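Protein chains in written order, with UniProt numbering: chain A, 1 to 180; chain B, 1 to 404; chain C, 1 to 101; chain D, 1 to 297.
Keep in mind that a hint or two might mislead.
Here are the simulated lysine-lysine pairs, DSSO-like style, with alpha carbons at most 27 angstroms apart [stated by the list, open to error]: (1) Lys50/C / Lys5/C; (2) Lys264/D / Lys90/C; (3) Lys229/D / Lys50/C; (4) Lys96/C / Lys19/D; (5) Lys88/A / Lys31/A; (6) Lys223/B / Lys244/B; (7) Lys244/B / Lys157/B; (8) Lys98/A / Lys88/A; (9) Lys264/D / Lys88/C; (10) Lys91/D / Lys202/D; (11) Lys88/C / Lys229/D; (12) Lys91/D / Lys166/D; (13) Lys58/A / Lys157/B; (14) Lys286/D / Lys248/D; (15) Lys314/B / Lys288/B; (16) Lys65/C / Lys229/D; (17) Lys5/C / Lys19/D; (18) Lys157/B / Lys10/C; (19) Lys290/D / Lys251/D; (20) Lys229/D / Lys90/C; (21) Lys265/D / Lys278/D; (22) Lys88/C / Lys254/D; (23) Lys88/C / Lys251/D; (24) Lys311/B / Lys281/B; (25) Lys199/D / Lys65/C; (26) Lys19/D / Lys65/C; (27) Lys314/B / Lys58/A; (28) Lys281/B / Lys157/B; (29) Lys90/C / Lys265/D; (30) Lys88/A / Lys311/B; (31) Lys362/B / Lys289/B.
Partial list, computed: chain A residues near chain B (C-beta under 7 angstroms) [to be verified]: (32) Thr60; (33) Arg62; (34) Ser156.
Simulated from the structure, these hints should not be mistaken for lab results. The structure presented is a predicted model; accordingly, all values stated were derived computationally and were not measured. Even glycine gets a Cβ: it sits at the ideal position worked out from N, Cα and C.
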Amino acid sequence: MIEVRWHGRGGQGSFTVARLLGLAASVYDGKYAQAFPSFGPERRGAPVLGFTRIDDYKITDRSELDVCDYVIILDETLWGADVKVGLKENSIVLINTKNPERYQAELSQRVVGLDATQMALDYLGIPITNTAMLAALVAITGVVETESCKSAIEDSMNPKIAGKNIALFDYVVKEVASRE
Amino acid sequence: MARRFVSGNDAVAEGVRLARPHVISAYPITPQTIVVERLSEFVEDGSLQSIYMHVESEHSALAAAMGVSSVGARAFTATSSQGLLYMAENLPYASGARMPIVMMNANRALATPWNIYGDQMDSMFMLNSGWIQVYVEDAQEALDMMIQAYKIAEDPKVLTPFMVNLDGFVLTHTYEVVDIPTQEEVDAFLPPINLSENIMSMEAPKSLCITAGNNYNMEFKIKQNEEMIESISVIEQVDAAFEKQFGRGYNGLLETVDCEDADVILVTTGSITGTARMVQKTLRAEGKKVGLLKLRYLRPFPTKALTEALKNAKVVGVVDKNISFGYEGTIFTNVNSALMQEGASQKVDNFICGLGGRDVTKENIHEMYEKMLVHLETSADVNDANVASKPQDRIHYMNVRCAL
Amino acid sequence: MNRPKMVNFKDPETVRDYPMGATCDSDHLTSINAGWRTFRPVIDQEKCIKCMRCFLVCPDGVIDKSGDQLEIDYDFCKGCGVCAHECKPKAINMVKEAING
Amino acid sequence: MERITARNLTNEELFYGHKACGGCGESLAVRLAMKILGERTFASLPAGCMSAVSFIYPNMAFRTNAIITPFASTGAVAAGVAAGLQALGIKDTYSVGFAGDGGTADIGLQALSGAIDRGDQIIYFCNDNEAYMNTGIQKSGLTPFGTKTTTSPAGANLPGSTTMKKNMFEIVAAHDIAYAATASVGYLEDYMMKVEKAKSVKGTSYIHVLAPCPTGWGTTSEITISLAKEAVDCGLWYLAEYEDGEFKLNKNPKEFTPVENYVKKQGRFKHLKDAEIKQLEAARDKKWEKMRRNWVK
Numbered sequence: 001m002i003e004v005r006w007h008g009r010g011g012q013g014s015f016t017v018a019r020l021l022g023l024a025a026s027v028y029d030g031k032y033a034q035a036f037p038s039f040g041p042e043r044r045g046a047p048v049l050g051f052t053r054i055d056d057y058k059i060t061d062r063s064e065l066d067v068c069d070y071v072i073i074l075d076e077t078l079w080g081a082d083v084k085v086g087l088k089e090n091s092i093v094l095i096n097t098k099n100p101e102r103y104q105a106e107l108s109q110r111v112v113g114l115d116a117t118q119m120a121l122d123y124l125g126i127p128i129t130n131t132a133m134l135a136a137l138v139a140i141t142g143v144v145e146t147e148s149c150k151s152a153i154e155d156s157m158n159p160k161i162a163g164k165n166i167a168l169f170d171y172v173v174k175e176v177a178s179r180e
Numbered sequence: 001m002a003r004r005f006v007s008g009n010d011a012v013a014e015g016v017r018l019a020r021p022h023v024i025s026a027y028p029i030t031p032q033t034i035v036v037e038r039l040s041e042f043v044e045d046g047s048l049q050s051i052y053m054h055v056e057s058e059h060s061a062l063a064a065a066m067g068v069s070s071v072g073a074r075a076f077t078a079t080s081s082q083g084l085l086y087m088a089e090n091l092p093y094a095s096g097a098r099m100p101i102v103m104m105n106a107n108r109a110l111a112t113p114w115n116i117y118g119d120q121m122d123s124m125f126m127l128n129s130g131w132i133q134v135y136v137e138d139a140q141e142a143l144d145m146m147i148q149a150y151k152i153a154e155d156p157k158v159l160t161p162f163m164v165n166l167d168g169f170v171l172t173h174t175y176e177v178v179d180i181p182t183q184e185e186v187d188a189f190l191p192p193i194n195l196s197e198n199i200m201s202m203e204a205p206k207s208l209c210i211t212a213g214n215n216y217n218m219e220f221k222i223k224q225n226e227e228m229i230e231s232i233s234v235i236e237q238v239d240a241a242f243e244k245q246f247g248r249g250y251n252g253l254l255e256t257v258d259c260e261d262a263d264v265i266l267v268t269t270g271s272i273t274g275t276a277r278m279v280q281k282t283l284r285a286e287g288k289k290v291g292l293l294k295l296r297y298l299r300p301f302p303t304k305a306l307t308e309a310l311k312n313a314k315v316v317g318v319v320d321k322n323i324s325f326g327y328e329g330t331i332f333t334n335v336n337s338a339l340m341q342e343g344a345s346q347k348v349d350n351f352i353c354g355l356g357g358r359d360v361t362k363e364n365i366h367e368m369y370e371k372m373l374v375h376l377e378t379s380a381d382v383n384d385a386n387v388a389s390k391p392q393d394r395i396h397y398m399n400v401r402c403a404l
Numbered sequence: 001m002n003r004p005k006m007v008n009f010k011d012p013e014t015v016r017d018y019p020m021g022a023t024c025d026s027d028h029l030t031s032i033n034a035g036w037r038t039f040r041p042v043i044d045q046e047k048c049i050k051c052m053r054c055f056l057v058c059p060d061g062v063i064d065k066s067g068d069q070l071e072i073d074y075d076f077c078k079g080c081g082v083c084a085h086e087c088k089p090k091a092i093n094m095v096k097e098a099i100n101g
Numbered sequence: 001m002e003r004i005t006a007r008n009l010t011n012e013e014l015f016y017g018h019k020a021c022g023g024c025g026e027s028l029a030v031r032l033a034m035k036i037l038g039e040r041t042f043a044s045l046p047a048g049c050m051s052a053v054s055f056i057y058p059n060m061a062f063r064t065n066a067i068i069t070p071f072a073s074t075g076a077v078a079a080g081v082a083a084g085l086q087a088l089g090i091k092d093t094y095s096v097g098f099a100g101d102g103g104t105a106d107i108g109l110q111a112l113s114g115a116i117d118r119g120d121q122i123i124y125f126c127n128d129n130e131a132y133m134n135t136g137i138q139k140s141g142l143t144p145f146g147t148k149t150t151t152s153p154a155g156a157n158l159p160g161s162t163t164m165k166k167n168m169f170e171i172v173a174a175h176d177i178a179y180a181a182t183a184s185v186g187y188l189e190d191y192m193m194k195v196e197k198a199k200s201v202k203g204t205s206y207i208h209v210l211a212p213c214p215t216g217w218g219t220t221s222e223i224t225i226s227l228a229k230e231a232v233d234c235g236l237w238y239l240a241e242y243e244d245g246e247f248k249l250n251k252n253p254k255e256f257t258p259v260e261n262y263v264k265k266q267g268r269f270k271h272l273k274d275a276e277i278k279q280l281e282a283a284r285d286k287k288w289e290k291m292r293r294n295w296v297k
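Pulled out of the complex, with its shape left as it was, chain A reads as follows (with noise of 0.2 angstroms):
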């Protein structure tokens, strides 16, 4: 089992990508997923946490995620002993920055880090980094097919903004891979 932890605050779409990744794994790559966020009532810019579980068998685990394979930081201002929490010794942790050496010099683990927000602004025309941090998911582990990332991102978004979102999905596959 695939278990991933996205970071981010209120409003920026943390839950929205856990269940993207979740849909992707299970209606279009065939798998078994649950996507949850951290429950309780959402407010904006408050610290809020989107989980998703990935299997290839039925997922019938109800308790919280206590270890994570891959951590995903939205917000880079979210940085902190929360986002350290549950991670194995090959974990990876994915963080929006352009600076991805001052957390790589805190853990042991592996830190990618991508200018998600540069890269949002250009695309989407407003710093919402979701999509982009799900490619560069993808394209770092290729935890589910990135044809199944797209077609969550159109089942779940009105066209426009869908078109807009897997521009901003391809670029970034390419642009991580082109690192790997």
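Here the structure of chain A is known, so what remains is to put chains B, C and D in place on it, guided by the hints.
Structure of chains B, C and D alone, referenced to chain A:
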């Protein structure tokens, strides 16, 4: 059939859409809100031909549903927690009138302290309300039970309101893959509502929700109880018919996992069952003779099936996401009573956990099994007063953040 | 007289024979109210001008106007006296009920 | 609209054989309403005298369909009945609520407000006998100032109820309801006309009818009608309508009969001192000054 990635609340709404109620009367409350949002969207976009009543309270939500049902139309409502308690006086009203209303309840903690997260204190309050109560494990079961609920509730032998319980957030807000049947498939399974005996109609005017004094009242209540107990067979038949038509069933009122030769069996309801399945499987793989019993219905209570499934066990553990203050977990009380009726002599443990949305981890469930296995090896009978077995020792609070 | 009639009601024999739910047929009268009266209204048909005031004001609706004369359903009259009080020509007398009378 | 009189009113009784007290004004209000509404009426009644006296298994006084609702739920159940009938395509029916003063102005106010707000197709009757009579005469929100009830005793320190009647009619009208009216069983033709009017209203109607309770008011049973008339004539009650967003006073007497004559007939007011009667009159005059100023064109 469509395969979709939806939340438990979405699954409920989809199930309700497929069941085609005539009228929906509901009041929003966390964590049920998404159900009423979706249903009002379905009414708006025309995919559900229902009247959506914007009632001003939960009390009126169920009262209006009673009005709807009283003329023989299909009614749906949904609530949670304080909302369920606010409509409390109407629950026995509806069941005494034998109105086959279906309600979704998002299990949530009760104030105070205030808390919006999941536990089962709310519906446990309503065990005596005369409603059928089922607890579902995942979003698929939630959807399927909305359809089964109407079929069971409207059966002429049953005619009893039906409460489908989903753990708040853990089920209501978790997205997972759900197979959504087609309208044609559901229509073939669930025919239009057709009531005659207990409704107001122009053909045979009736007086409903009448008074019956001390000279007649008791017989009405006995009839209600006897017929609720007999609904067990209808519940089993409907689930079997559902499985035949849709290719998935839930084994009636309870499901057993490796219970036949198990020395210790954990009894769970609702979503915890899923987590317990993983732990039970792991322990079996280690050679430990452990079983799991998923108790789906609390009313009617499946006394016979339960005691039969538990009869070979030496230790039984009951998981409760509730406390009956001054006593113990409510399901524990019910299971004990069933075991006593059958003259069984298992050792019984009560695991109280998950209150106010406290996480129930795999380790917690592992610990429950470990405690039961210790009991198994204790030669003394825990029910013997000479052993350390004061009543409170049978209660184990799980995942508590400080010393007791 | 065109007024609802008593039904011949038999107690259910078994619990199963009780109604489904707290229900009963409407228009289902099983006991009369005659015993409530101390006085009974008696219409003096000579004085009656058939203004129908008594028919209108009777809280129990026991005055029937379908025939040639107004008639009182004594099975359900409670003897409240509203009819006599409201009768302008004083055509209704409240007469004390006698045992067996 | 043809006037409804004792002559043209149907002889058919749809509410019959109930066990209300002799001379009960409320049962007369229900009886006449049912006659005007007819046999395709679905009546919803909360806990209260009318349900307690007419659904006693196995004795059923309604000849039409009828249901007892939870106390707080007249508006909601009647609305549900209307919705159910609409969904089933059962046409030409009336969904009607008959609640008392407590069931309307106190515990049932929320559900009534919800129904009016939604514009549900129901006719709601408030049968106002000015206290909780079914439970043995306790004060409600519609109990007038100076009324002795079992929970507002009159003695050396208190004059009985210390509050005036809650203004239900205007509370209902403030929802911009389709039709609302006040009535009295002392003015039956006016009342019947209002019921007839409500039948053709699209949306919610509300009829608030004053109905004396001989038991609770401490009167002999035969004066129910004349006392209800006197309540209007002395100005403590009034006949009005709210329609198309406008108030209308149906009866605007040049002079009032003495309040004293009205209250002295009733056991519930026997204790009132002159000063307290003056208080009732002062409140009456203030109310009428406002109604005449705003409701009379």
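Hint check results:
Of the supplied pair hints, the one linking Lys50/C and Lys5/C holds, its CA atoms being roughly 25 angstroms apart against a limit of 27 angstroms. Between Lys264/D and Lys90/C the CA atoms are separated by roughly 25 angstroms; this keeps the pair inside 27 angstroms, and the hint holds. Proximity of Lys229/D to Lys50/C is assessed by CA-CA distance (about 22 angstroms); at most 27 angstroms being required, the pair is judged to hold. Among the hinted pairs, Lys96/C with Lys19/D is consistent with the structure: their alpha-carbon atoms are about 21 angstroms apart, no more than 27 angstroms.
With a C-alpha separation of about 23 angstroms, the suggested pair Lys88/A and Lys31/A falls inside the 27 angstroms cut-off, and the hint holds. A threshold of 27 angstroms between alpha carbons decides the hint, and for Lys223/B with Lys244/B the separation of about 32 angstroms lies outside it, so the pair is violated. Between Lys244/B and Lys157/B the alpha-carbon distance is near 22 angstroms, which keeps this suggested pair within the 27 angstroms criterion. Between Lys98/A and Lys88/A, the direct Cα distance comes to roughly 24 angstroms. Compliance with the 27 angstroms bound is thereby established for this hinted pair.
Distance restraint check for Lys264/D and Lys88/C: the Cα-Cα separation of roughly 24 angstroms lies within the 27 angstroms cut-off, and the hinted pair is therefore satisfied. With a CA separation close to 14 angstroms, the supplied pair Lys91/D and Lys202/D stays within the 27 angstroms bound. In summary, the hint linking Lys88/C to Lys229/D is supported, as the alpha carbons are separated by about 15 angstroms, within the 27 angstroms threshold. Between Lys91/D and Lys166/D, the direct Cα distance comes to roughly 36 angstroms. Violation of the 27 angstroms bound is thereby established for this hinted pair.
For the given pair, Lys58/A sits about 36 angstroms from Lys157/B by alpha-carbon distance, which is inconsistent with the 27 angstroms threshold. Among the hinted pairs, Lys286/D with Lys248/D is consistent with the structure: their alpha-carbon atoms are about 17 angstroms apart, no more than 27 angstroms. At roughly 13 angstroms between alpha-carbon atoms, Lys314/B and Lys288/B fall within 27 angstroms of each other, so this suggested pair holds. Proximity of Lys65/C to Lys229/D is assessed by CA-CA distance (about 24 angstroms); at most 27 angstroms being required, the pair is judged to hold.
For the suggested pair Lys5/C and Lys19/D, the alpha carbons sit about 16 angstroms apart, so the restraint of at most 27 angstroms is met. About 24 angstroms separates the Cα atoms of Lys157/B and Lys10/C, which keeps this hinted pair within 27 angstroms; it holds. Of the pairs offered as hints, the one joining Lys290/D and Lys251/D holds, with about 15 angstroms between alpha carbons and a cut-off of 27 angstroms not exceeded. Restraint check for Lys229/D and Lys90/C: satisfied, since their Cα atoms lie roughly 19 angstroms apart, inside the 27 angstroms limit.
Distance hint between Lys265/D and Lys278/D is fulfilled; the C-alpha atoms sit about 17 angstroms from each other, no more than 27 angstroms. The straight-line distance between the Cα atoms of Lys88/C and Lys254/D is roughly 25 angstroms, inside the 27 angstroms bound, and the hint therefore holds. For the given pair, Lys88/C sits about 23 angstroms from Lys251/D by alpha-carbon distance, which is consistent with the 27 angstroms threshold. For a cut-off of 27 angstroms, the pair hint linking Lys311/B to Lys281/B stands: about 21 angstroms separates their Cα positions.
Distance hint between Lys199/D and Lys65/C is fulfilled; the C-alpha atoms sit about 25 angstroms from each other, no more than 27 angstroms. About 23 angstroms separates the Cα atoms of Lys19/D and Lys65/C, which keeps this hinted pair within 27 angstroms; it holds. Between Lys314/B and Lys58/A the alpha-carbon distance is near 31 angstroms, which puts this suggested pair outside the 27 angstroms criterion. Only pairs whose Cα atoms come within 27 angstroms are accepted, and Lys281/B paired with Lys157/B is rejected, the gap being roughly 39 angstroms.
Restraint check for Lys90/C and Lys265/D: satisfied, since their Cα atoms lie roughly 22 angstroms apart, inside the 27 angstroms limit. For the proposed pair Lys88/A and Lys311/B, the alpha carbon gap of about 43 angstroms is over 27 angstroms, so the pair is violated. For a cut-off of 27 angstroms, the pair hint linking Lys362/B to Lys289/B stands: about 18 angstroms separates their Cα positions. Nearest Cβ of chain B to the Cβ of Thr60/A: about 3 angstroms, under the 7 angstroms cut. The hint holds.
Evaluation of the Arg62/A hint against chain B yields a held restraint, the C-beta minimum of about 4 angstroms falling below 7 angstroms. At its closest, the beta carbon of Ser156/A sits 9 angstroms from a beta carbon of chain B; the interface hint therefore is violated under the 7 angstroms criterion.
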